Amino acid sequence: MKNKGVLFLAQAAMIAAVYVVLTFVFAPISFGGVQVRISEALTILPIFTPAAIPGLFVGCLLGNFLGGAVLWDVLCGSIATLIGAVFTYLLRKHSRFLAPLPPILSNTLIVPFVLRYAYGTMLPISLLMVTVGVGEILSCGGLGLLLAAVLGKYRTQIFKNFAAGQQ
1 MKNKGVLFLA QAAMIAAVYV VLTFVFAPIS FGGVQVRISE ALTILPIFTP AAIPGLFVGC
61 LLGNFLGGAV LWDVLCGSIA TLIGAVFTYL LRKHSRFLAP LPPILSNTLI VPFVLRYAYG
121 TMLPISLLMV TVGVGEILSC GGLGLLLAAV LGKYRTQIFK NFAAGQQ
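One point on numbering: in the numbering used here, the residue at position 68 of the sequence shown is 68, and numbering is uninterrupted.
Just so you know, these hints were derived from the structure itself, not from any lab.
None of these values were measured; they are calculated from a predicted model.
Please note: incorrect hints may appear among the correct ones.
What follows is a list of derived Cβ distance ranges for each label pair [unchecked claim]:
{"hint": "1", "residue 1": "G32", "residue 2": "L145", "range": "19 to 27 Å"}
{"hint": "2", "residue 1": "K153", "residue 2": "P124", "range": "37 to 45 Å"}
{"hint": "3", "residue 1": "S95", "residue 2": "V134", "range": "16 to 24 Å"}
{"hint": "4", "residue 1": "A17", "residue 2": "V134", "range": "26 to 34 Å"}
{"hint": "5", "residue 1": "F24", "residue 2": "S95", "range": "29 to 37 Å"}
{"hint": "6", "residue 1": "N3", "residue 2": "I125", "range": "41 to 49 Å"}
Quick list of in silico lysine to any residue cross-link-like pairs, SDA-like style, CA-CA up to 25 Å [said to hold, decoys possible]:
{"hint": "7", "residue 1": "K93", "residue 2": "G152"}
{"hint": "8", "residue 1": "K4", "residue 2": "R92"}
{"hint": "9", "residue 1": "K93", "residue 2": "L143"}
{"hint": "10", "residue 1": "K4", "residue 2": "K153"}
{"hint": "11", "residue 1": "K153", "residue 2": "L90"}
{"hint": "12", "residue 1": "K4", "residue 2": "L151"}
{"hint": "13", "residue 1": "K153", "residue 2": "I137"}
{"hint": "14", "residue 1": "K4", "residue 2": "L90"}
{"hint": "15", "residue 1": "K93", "residue 2": "I137"}
{"hint": "16", "residue 1": "K153", "residue 2": "F87"}
{"hint": "17", "residue 1": "K4", "residue 2": "Y89"}
{"hint": "18", "residue 1": "K153", "residue 2": "P50"}
{"hint": "19", "residue 1": "K4", "residue 2": "Y154"}
{"hint": "20", "residue 1": "K153", "residue 2": "T49"}
Note that CB positions come from ideal geometry on N, CA and C, so glycine has one too.
When you get a sec, could you build the whole thing from the sequences and use the hints?
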């Protein structure tokens, strides 16, 4: 039983680390009113492991904090990613194609208000919803589904190799 807890924490930590790294590698497009946060493609991972839920939340929290975001962005942006991750996990048995929908919706509905009221972005909220939504569709929908297809194809091999390394 202890190994499952360690595995859960290791997976969550790795997902958080990859989220932060991707956020910073693609920093010029990860922040602002018009953004395509490549790291949001990882929001598909709850269909493979529940450890992705805290991993994505912590990764987004750290990415925003270390990226110099204001407190409201750190909190609300991370909560938007958490909400998306939880609902992606809940959809995992129904349809892999619907899995990107929760993070797209949660970020599209929450982040524009953060941009408007925490940063004073003067664009109308409806336009910010469009720009954030398009970015989320590209990262979660496009890249996320591509990532899910690749991981789904190699899932058995990845987990067998990981488990073999544990022994």
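Next item on the list: Hint by hint, work out which the structure violates, then give me just those numbers in ascending order.
Entry: As far as the earlier hints go, not one is violated by this structure.
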